[in-house]
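S.K.: Please build the complex by placing chain B on the supplied structure of chain A, with the hints as guidance.
Chains as they are written, first to last, in this note's numbering: chain A, 38 to 370; chain B, 38 to 370.
Source of the hints: derived by calculation from the structure; they are not laboratory data. Note that the coordinates shown come from a computational prediction; the quantities given were computed from them, not determined experimentally.
Once the Cα atoms are required to be at most 30 Å apart in a straight line, the calculated DSS-like pairs of lysine-lysine come out as:
no. : chain 1 : residue 1 : chain 2 : residue 2
1   : B       : 362       : A       : 362
2   : A       : 275       : B       : 39
3   : A       : 348       : A       : 362
To give a feel for the contact side, a few chain A residues facing chain B, derived at Cβ under 10 Å:
no. : residue
4   : 49
5   : 57
6   : 58
7   : 59
8   : 100
9   : 370
The C-beta atom is built at its ideal place from N, Cα and C for all residues, glycine as well.
Number of protein chains: 2
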Amino acid sequence: MKKLINDPENVVRDALQGVALAHPDLATVHIDPHYVVRSDAPVQGKVALVSGGGSGHEPMHGGFVGMGMLDAACPGEVFTSPTPDQMEAATKAVDGGAGVIHIVKNYTGDVMNFEMAAELCRAEGIEVESVLVDDDVAVQDSLYTAGRRGVGVTVLMEKIAGAAAEQGRPLADVAGIARKVNEVGRSMGMALTSCTVPAAGKPTFDLGDDEMEIGIGIHGEPGRERMALTPVHDIVEKMAGAVADDLPFSSGDRVLAFVNGMGGTPLIELYIVFNELVGFLKGRGIEVSRNLIGSYITSLEMQGCSISLVKLDDELTQLWDAPVKTPGLRWGI
Amino acid sequence: MKKLINDPENVVRDALQGVALAHPDLATVHIDPHYVVRSDAPVQGKVALVSGGGSGHEPMHGGFVGMGMLDAACPGEVFTSPTPDQMEAATKAVDGGAGVIHIVKNYTGDVMNFEMAAELCRAEGIEVESVLVDDDVAVQDSLYTAGRRGVGVTVLMEKIAGAAAEQGRPLADVAGIARKVNEVGRSMGMALTSCTVPAAGKPTFDLGDDEMEIGIGIHGEPGRERMALTPVHDIVEKMAGAVADDLPFSSGDRVLAFVNGMGGTPLIELYIVFNELVGFLKGRGIEVSRNLIGSYITSLEMQGCSISLVKLDDELTQLWDAPVKTPGLRWGI
Chain A
38 MKKLINDPEN
48 VVRDALQGVA
58 LAHPDLATVH
68 IDPHYVVRSD
78 APVQGKVALV
88 SGGGSGHEPM
98 HGGFVGMGML
108 DAACPGEVFT
118 SPTPDQMEAA
128 TKAVDGGAGV
138 IHIVKNYTGD
148 VMNFEMAAEL
158 CRAEGIEVES
168 VLVDDDVAVQ
178 DSLYTAGRRG
188 VGVTVLMEKI
198 AGAAAEQGRP
208 LADVAGIARK
218 VNEVGRSMGM
228 ALTSCTVPAA
238 GKPTFDLGDD
248 EMEIGIGIHG
258 EPGRERMALT
268 PVHDIVEKMA
278 GAVADDLPFS
288 SGDRVLAFVN
298 GMGGTPLIEL
308 YIVFNELVGF
318 LKGRGIEVSR
328 NLIGSYITSL
338 EMQGCSISLV
348 KLDDELTQLW
358 DAPVKTPGLR
368 WGI
Chain B
38 MKKLINDPEN
48 VVRDALQGVA
58 LAHPDLATVH
68 IDPHYVVRSD
78 APVQGKVALV
88 SGGGSGHEPM
98 HGGFVGMGML
108 DAACPGEVFT
118 SPTPDQMEAA
128 TKAVDGGAGV
138 IHIVKNYTGD
148 VMNFEMAAEL
158 CRAEGIEVES
168 VLVDDDVAVQ
178 DSLYTAGRRG
188 VGVTVLMEKI
198 AGAAAEQGRP
208 LADVAGIARK
218 VNEVGRSMGM
228 ALTSCTVPAA
238 GKPTFDLGDD
248 EMEIGIGIHG
258 EPGRERMALT
268 PVHDIVEKMA
278 GAVADDLPFS
288 SGDRVLAFVN
298 GMGGTPLIEL
308 YIVFNELVGF
318 LKGRGIEVSR
328 NLIGSYITSL
338 EMQGCSISLV
348 KLDDELTQLW
358 DAPVKTPGLR
368 WGI
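Chain A on its own, in the form it takes in the complex:
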C-alpha cells in the first residue's frame, strides 16, 4: 500500500487537522466527535444543510462546507458511515432556528444513522428534513445499498440547495429544491483501477491490466459489467447513454454536465471525457449549458470517472450560478 499517511488508523483525524489549519476562515473542525461546520455557524434564520458519509471521497463533504453550500459535514472513517452522535452534534451546531436539512446518500448505514440523529434532534425541538440522493443508474441494489446508490448528484444537490438556503428560503422550499435535483439528476461511474482502504492495506478489488469496470460504485462496489478497455469515445457513449436513457433526457433539454474524477485520474483525461460527452449529448439534441469538471466525489486513489447530468430549468440554473465559497468549490465571491 503506497500512501502519504502516518498510521492508517489516524488518516481521517490527520486530514481533518490539515483542513482546520488550511481553512480557518471558511470552516471549523471539531474532533471527537468529528464534524466540520461553517466558521460563522449557526447562521440565524437560515435553513442549515448537513451532510456526511464515509471519508475517502474528498473534497466531498467537508470541502463543501461554507457560504452557499453546506453548513456542516460529518466524516466517518474511510468508506464507513459516520455515527448518529456526530450527526446530532453537527445538526445542533448549525441550527439557526429555521430548520435543518440532512442530505443523505442512499447507503444503508448512512440512512439508518441519519434517521436516528434526526429523531434525536427532533426530540430536542429542532425541525429536521431528510433528503435522499439515489442517482446512480448502474444497478438496482448493491453492496451497502437497497435501491440505487447516491453518487455524483450529491455534489450538485449540495451546491444548488445550499444556494436556496442562502437566499433565505424556508425549510420546505429548500428541501423541495434538493429533492427536485435528485429527481432530474442521474449518474454513472467507471473504474480503470481499484483503490485501497488504508485499514485494509490491499486493493478492494482486482482488475486485469486491460480491463475496466462500468457502473462501479464509489466504494468499489461491483457495477454493470467488467470488460476490455476501449477508447473513451465508447466508454462515454455507454455511460452517458445509460444516464440519458434513464431520466429520460430529451431533445431540447439543457443540462448541467458533471465529469468527475475518481481521485487518481488526471485532469487532462477528464477534459477528453467532457469533449466526448458534449458530442454525444449534441447528437441527442441535449445542450450542456453548465458544467463542472474535476475530482469532487472521489474514491481514494481510484482511476476512473463518473458522469452526472442534471436537467436544468431557470431556477436551478440561477441557483447553480449563485456565489459559493468553500474549500472545494468557489465562485462569484
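M.R.: Structure of chain B alone, referenced to chain A:
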C-alpha cells in the same frame, strides 16, 4: 496503459477541445498552432503574461488563463516543449501594447523555443521580457535541464505576477515581481508511482512496491534518492527541510505554502501532508499565512506530491489575495 483517451496521438487536441467547450467565457482555444488565450484578449494597455510547456501538467498552464493570471498558454505535446510558432502566435494574440512577459520553466527546450519566439516578436515591435522559473532544490542539472528545474513555484508566480499585471503596472514592474517570486520561492517533489506518457505506452520509470523517489521531477526525472516508503511525517521533514534550508527561510518568516498533488494523489493525503508541513514549519518559527492545496502542476497520473514555499511580504500577500478567475484557480470574483 490504462487511460481515458482515444488515439494517444490526439490526447492534447482532444483535451483542448474539451477546454474550449467547457470554458468559453474564460478562454478561447486555438488549434494549429495550439494556444489558449483569455476570451477578452488582447486587453489594451495591460501587460500580458504568456506561459507554456509540455502538456500532462494540467491544470497548468491552460487552466490558468483568465482574469488575474495568464493571458495565454502554449501547450506542447505531452512532456514536450511547445514550438516557437505557438509562442509567437500566442504573444501576438495577447499583446495589448504594454509588453508581454514570457514565464519560462527552466527546461532546455522551453528556454530555447521561448527565446526564439521572443526574438521573432521583438522583430515585429512587441516588447517581450522573459522570466525564468528554477525553484526545484532537488538537483542541480537534470534530464532536460541545465541548472535547476522549474516546478511548483511556476503556479504561484503566474498568480502573483498576473495580479500585478491586472492592476495595470508597467512591464518592468510586473517582470520584477515575477522574478522576486522565483527568488523567494523553493520547491521539492516526490513520487510513489511513475506515470505513463501516452505515446510511450509504458511507465517512465519503475519503482518497487515499497519504494518512493524523493526529489522527482515533473516528467519523472530522477531525484535525490530512492528509498523505502516511510510515514508521511518523515517524508515532509525531508522535503520541507531541504526547501527551507535552501533559501534559507528563517524564524519569523511568513510563507505561502503550496502542497501539490502529482495527478494521481487523493486530496485526503494532501491535507495530511499539509498538516505535517505546518507542524514542521512551526518548529522552525515559520508561519504559514497563505496556502494552496490540490493538484495544480501534475505529472499525468503520477502519485506523489510536491511542497513549495514562497516567502511573503505585504506586497506579495496582497497580490496573492487579489481576485482571479480561471478554470483552475478562482476566488474573489
